[in-house]
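Student: Below are the chains, spelled out letter by letter.
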Amino acid sequence: MTKSFLKKLITFATLIITVFAISGCGTKTEPVSENKPVKIVFWYAVGGKVGEATKTLVDEFNSSHPDIQVEAVFQGDYDSAINKLKQSIPSKGTPNVMQVYDIGTRFMIDSKAVIPVQKWIDQEKFDMSTYEPNILAYYTVDNKLYSMPFNTSTPILYYNKTMFKEAGLDPENSPKTFEDVTAAAQKLTNRDANGTVTRPGLSVAIYGWFFEQFLAEQNAPYTNNGNGRDSLTTAVSFNSPQGEKTLAWWSGMVKDGTASNMGRKTADTLKAFIAGQTAMTIDSTGNLGDIMDGVNGKFDVGTGFMPHPADAKDGGVIIGGASLWMLAGHSDPEEKASWEFIKFMTAAKQQAFWHIKTGYFPVTKAAYDDPDLKKYEEKYPQFKVAIEQLHNTPINRNTQGGLLGVFTQSRQEIESAIEQVLNGQSTPRDALQKASDTVNGAIERYNQTTK
Amino acid sequence: MFIPPQKKSLWPLVQGLSYLAPSLLLFICFVFYPLLKSIQLSLFNTDLIGQETIYIGFQRYIDMFSSLQFLHSLWATVLFTIYTVLPGMLIALGLAYIANWQLRGIAVFQTIFAFPLSIAVAGASMIFMMLFNPTAGVFAYFLQIFHLPAISWLADPNWALISVSLVAIWRGLGFNIIIFLGGLQSIPKHLYESAGMDGASPWRQFIDITLPLLSPTSFFVFIVSIINSMQTFGEINILTQGGPSESTNVIVYSIYREGFFNLNYSYASAESIILFFIILLLTLFEFWLLERKVFYR
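Chains A and B are the protein sequences, given in the same order.
Heads up, the first sequence is in full-length UniProt numbering, so the first residue is 1 and it goes up one at a time.
Heads up, the second sequence is in full-length UniProt numbering, so the first residue is 1 and it goes up one at a time.
Pulled out of the complex, with its shape left as it was, chain B reads as follows (with noise of 0.2 Å):
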């Protein structure tokens, strides 16, 4: 932290912190205490109700390394972020694209694609619960139509978490378009004017200004799209609970089954420490390796 060499009366330091205080006091409260109990939890035995009973230092970080089932998980989250970070941006983008085109009526579509922030996690669940209902469903139906071999979309392990990912794309679009939208607007037109000039394409148009202007609009809905697909719960505690065969057992899903279902706080407490330092990481090494790629005017 920074201090001024010059004595100084306290006063802004007191006034600054009182301005925080609210701000600081719901952090400690939701945030910075959980994060303390939860690694102190992890290094004891707990008794029926979660209450500490015995020290046991590390121990449930060595059953954790030593056991398949969380490798198994580790290997689902990262599955899964493979399968939703960059497809959602990718759509979001050509959506956000489109959506910024002068056209009479756009809004509605703007405020169509924007739709799927307003539903909750439970509701879009539900929805896609029936669409993917093996028999009257939706989508077999239309496989059904083009004479398509039927897919147990949440029954086979193949395809479950591919199913789990389609639903949390589509719930992290509304979010990506807005934000992208919001990066679209703000480049400035005479940028394209004077491209136009010279005579490039819209493609290169999209290459060489829109991408690098963009680029800290990207970076940004980048780590919140992985900070989000790696704390993914409400989809697949709804629509697969972890199956089929762990298929969609992803971290966050395991810490919840230990904590509260398996009676088994202190495992739960150390995975979710490990999940903490994971995030923590891939943060930090997105930034360094981002902040010099991305362009801030």
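Pulled out of the complex, with its shape left as it was, chain A reads as follows (with noise of 0.2 Å):
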């Protein structure tokens, strides 16, 4: 049965082969036309609602720009279409427009196939003022933007109210620092008669964003040299007091119960929120939406600033979500029709829809002023609280975030030293060195390689 299964499936696979192979003889033949619309190609990399956001600006573009046409092509994942875009490096196909993750920001300057924005900024004097100053500061590398950013979150600690009032604490007034989370977990956390935890106060995803947001918190570097804004990256510089601190504060309160720990999915930690299953949890401003909607009204949802703890000084968030990337080796016309696109996508009326339907930032403040936008702020106060966080953010070096070439491993192994830590393997210290470790071996080798 299988072989002659297997010989259908390759006679089959042949014939495939061969149409392609005949088909693909005929195409790129059309004669180039001074009236034919210029195209240009936009990889983006985020799916569901936001995938769907992204389409409907994508079309809208199009069809307010007759002499431009954009094929967007959705690409997986960030970390995917990051993949492609390598294989599509040296074959000499690699997209106009592309959306790219934060973190991949230093590989996608040393892949040395991108044109920074500032280029065309700097040619068309291109006005920047209404920009969020905190958000460019994150993608401007070496004085130059970039990448314009394009999709912004940053993560905001997410509170039961009505738990609040059950538990005594003041609803209005939420957690600022570790203390007080520490202190609000414990009053919020049910036992039954045996003293097992049947609700913990506090539930926290183990993501490595948030572990470099309470760096950030407490203005301290993820990497060396400014966090490699100064100069290159030549080792990481997490394993410090200020690391050891947020470990030792996240693994007692899981270990005395008052936090739970449910892996690294925020999909998980975010059910057990909606569910009423703990008291406080943190995640991204672009879940605000989801939250509401799962919570609808069985009881009120408030938010705070990330806690830091209460003797940090001068800390704040940093900026998360993706940007848009302009790749070079493509001809003139295409160049200044991708600078159209990524202006239009970034425009007010487009980032207040953009908000309004993901729950993302507007990364420029004239789109306050869309009349849709302030109806939503109205339905969505909760909101607030992330846009007055992110103002309240001094610009440095630690706020800015760290540039790392090989950053998602880096997060990965910092997930795992959370892991290490919070299952009791490992001590802060000694998880947080053997993360840096591992970690600066792979900036030495790909310090290396850039070279």
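For the record, the hints were derived by calculation from the structure and aren't laboratory data.
Worth double-checking, as some hints may not be accurate.
What the hints assert, rightly or not - Derived lysine-lysine pairs resembling BS3-like cross-links, with alpha carbons at most 25 Å apart:
# : chain 1 : residue 1 : chain 2 : residue 2
1 : A       : Lys-357   : A       : Lys-49
2 : A       : Lys-112   : A       : Lys-336
3 : A       : Lys-84    : B       : Lys-37
4 : A       : Lys-165   : A       : Lys-39
5 : B       : Lys-189   : A       : Lys-86
6 : B       : Lys-37    : A       : Lys-92
7 : A       : Lys-255   : A       : Lys-187
8 : A       : Lys-144   : A       : Lys-357
9 : A       : Lys-92    : A       : Lys-36
Hints in hand, dock the two standalone chains.
Tutor: This is the structure in structure tokens:
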């Protein structure tokens, strides 16, 4: 049975290959005419309702710009998209514009396959004054804006106001410090007669991004050389007292049961929060809509700033999300068309629509004047906290965020370290030291390959 | 290769090769060429996008065997194989044995048993992810009903590999049952009839007729299961990403991480070459060991 099936499969595959080979020969012979719209390719990496919103914006652009035709291609998640880009560089098949996640910034610069958008900003004397300075700061390297911020978010603390009331806490006052969170979680944790925890006060997913935020909240760097922004990163610096403090606080709460460890998936902590199985959680601002829809009035949702240790000063949040990159090696008309497209995607009207549909921040302040956005803000006053948190963040090397070519690996190592500490297999110091050794080895190798 | 002693025309060879050409072409494109390319890649340093730069000999292989992480991955792979292969085979054999009974409507059950085969790994993993959910999952609900302590299926390093194995066993059941069922149905009925006349109990019949006559099938399933479990990737990628604390970081997943995330193409290639040899040697060993124990009619 298997054999004949295999035979059929092979015959079928051969047929398909032949058909492709034959049909492939015929295309690409269209003559280039002056009146035809300039075609550009845009790779994006967000699915679900965010992907839908992206497609809507692209369609809008195409219908309002008859001289440009944007072909939007979904390339899977951020990681898959950047892997496809790697394969497309040697074969010169890169897209014109691509959405790349925050931590891919150093890799994109080192790939030498990009054009900084600064080139077009300077050329057109494009007015950037309405764009959020905190967001621009992340994507500015060596005083050049490399990519245009597009979808931006930060984490915030979500809490269940109804449970706060029941526990005798002030529901209008979110816990601001690590110490506040610990104290609140103790009151919010429910136990049964045997002392087993039935509802923890806090659940935070093991997500490297949160750890990066806790460092920035304490004004501590993630890597050396000014977070890799004064000169190229040669080693990480997260194995610091601030890093240890974060893990000691977090694991202490997991140990006494006031916080629960639900693994790496934010989807799981989000679900627990919506189901009322935890009183507080930390998640991206981008999930506010999902949380509000999920809770649907069962309880009051409160939002607060990311917590920090009581003695920490001058810290803040690092923005996350993704930006739009221009790839090099395309014709001048195509590059011009790409720039038009990027400007359109980040303009006030589009960003207001984007914010309402997805929960990401508008990257330009001009979007806040949009009447639809004002209505949205009235509906979800919780979002104001996120914007305040962003504007309260001082811009410095530590809140700009680390630049690291091997950031994906580093995040993975950090998550592994957090797991070891939360599971009691290692101390904060040892786990961070081990992660730092591994990542430093990877940095050394990376810096050799980019030389 | 066998070459006939007398000089004959090349025609038969050409004819034979032309029949094989489509499959040879596919094998060369998708198996032999990538294999040779991986060997080459494992001996070179690469740039950021994976192009070879400097020849470094066997340095990556030395790195690999001196790193704790690789040995850890190897161990996780061995454990995963132990957790999945034999339990998967035994459950499949049991279900196939039941599905082989001549009962009214048994075809419905045969279809249900073969069902996991038709679900893609991503779909199955997403379903299990919901079942494993620590607070709102079905498994958590059942544990609660029976007043058992809650288990963090995917977040506890002691449970994660077992949880992933559960998914892999379930996914493998469909294929195994179909093969076992085929094997069971090819056993001649008269053997059971005469054994029954001699007064052999069903258990005796199972041990002395079914098992020996099923041995070629079992042998096949065993080898395929081992190869499959050493190459399992989808479940791990979706459910645990190698975590927690590296407890599910099997070799295939480690190759994926090193190659596609850590920009460590030559290391990933070296790992895949080693995995290739491990599976090759294991398969040869199984043939050597089991060929003599297997009863072929």
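Student: Give a verdict on every hint.
Tutor: These are the hints, each one checked on the structure:
For the suggested pair A/Lys-357 and A/Lys-49, the alpha carbons sit about 8 Å apart, so the restraint of at most 25 Å is met. With a C-alpha separation of about 19 Å, the suggested pairing of A/Lys-112 with A/Lys-336 holds against the 25 Å cut-off. The suggested pairing of A/Lys-84 with B/Lys-37 holds, with an alpha-carbon distance near 19 Å, which does not exceed 25 Å. Between A/Lys-165 and A/Lys-39 the alpha-carbon distance is near 57 Å, which puts this suggested pair outside the 25 Å criterion.
Using a Cα cut-off of 25 Å, the hinted pair B/Lys-189 and A/Lys-86 is violated, with the two alpha carbons roughly 60 Å apart. Between B/Lys-37 and A/Lys-92, the direct Cα distance comes to roughly 21 Å. Compliance with the 25 Å bound is thereby established for this hinted pair. The straight-line distance between the Cα atoms of A/Lys-255 and A/Lys-187 is roughly 16 Å, inside the 25 Å bound, and the hint therefore holds. As the CA atoms of A/Lys-144 and A/Lys-357 are separated by approximately 30 Å, the hinted pair breaks the 25 Å bound.
Note on A/Lys-92 and A/Lys-36: the hinted pairing holds, with a Cα-Cα distance of about 23 Å set against a maximum of 25 Å.
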